[in-house]
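J.: Protein sequence lines, in the order shown, are assigned to chains R and A.
As numbered in my numbering, residues 26 to 288 make up the first sequence, in order.
As numbered in my numbering, residues -19 to 58 make up the second sequence, in order.
Relax, there's no trap hidden among the hints.
With a straight-line cut-off of 20 Å between C-alpha atoms, the simulated SDA-like cross-links for lysine to any residue are:
1) K213/R to I35/A
2) K145/R to V64/R
3) K213/R to E41/A
Bear in mind the hints are in silico, worked out from the structure with no lab data behind them.
Note that the structure is predicted; figures quoted are calculated from it, not measured.
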Amino acid sequence: MLAEESGGKILEALHELNVQTIVSIPKVGPFDFSITNAVIYMWVAAAIVFLFFFIVARRLRKEPDGLQIVAEILLNFATGHLTGQIGEKGKKYYYLILTLFTYILTMNLIGLIPKPAVLKPYTPTANINVTFGMALVIFLFTQFQGFSRHGVFGYLRSFCTPKGVPKALGAPLNIIFFPVHVMGEFFKPLSLSVRLFANTLAGHLIILVMLGLLLQYANFVILPTAVFVVIMLAFEIFVAFIQAYIFSLLSVVYIESAIYAGH
Amino acid sequence: MAFDAQTAANLGAGIAMGFATIGPGVGIGLLTGHACEAVARQPEVSGDVRTVFIIGLALAEALALYAFVIAIILLFVV
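Go ahead and model the full structure; you've got the sequences and the hints to work with.
T.: Okay, here's the thing in structure tokens:
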């Protein structure tokens, strides 16, 4: 009872996390293609990433100025730190990882800008469908790389016991190795998507619940709550960068393990 | 107060989150301690140590957040 009375403003503040359909398109089979605010902000984030790199590439200068410095930092980061883990063969995955990192970073940061009444930014990554879509793309890409490099049989062989184990001992151990490895492969996109989704959602949830609390009990708790909300907002920005980095880094590690399968 | 499905779900959500932060809490504490010791021993590797520390942090945090997802499911879907 106390929760129902006192939860009104808090639950109202949480409405921001709902997915609101803007243009409703009738379902085609099980697929619902309506334009929701998640879709709109994914487009906005994609447009921001594209325009950023497009504009920087148009006006390359010998002495980098502001935007170009940021672009160069991102490029060096993606080539050296992230894709550099794979070594020589990693050169061709550099564009995917760079785009992935910048896109996830933009989507995370969009949800943190202040929200005037007309424009209500919604964080696309706080939606499990968005993150699972991206993780599924990375999963399919990884498996495709593995199968196309080693052939179907060669790639499946890398799931079995490692080389160097004598055959009499190694062959029965396949019963344990193979299912565990396959389950691990399927668990990877799941953990990737849930990690990104839960980190962003938890941050937003804490901030919104605290703000709802502040609106509900408008008395002396306002000041400490507001300070806490500002601190959580700063932490959210930190988490946005970290989670984008971790997603891209783990994608690189999975791609690397599929390319060098078994060696 | 009848002990129905809704009550059990709320209780489960609380217990899940409570137990879920024990493991990652210990893990992150150990991780930070070792990182601090490494930097204190050899300050020039602080950049590399920071990278590894942040990777470990995100991976350990993810485990607590799996339980958070379960708690959210329990609260808002039954």
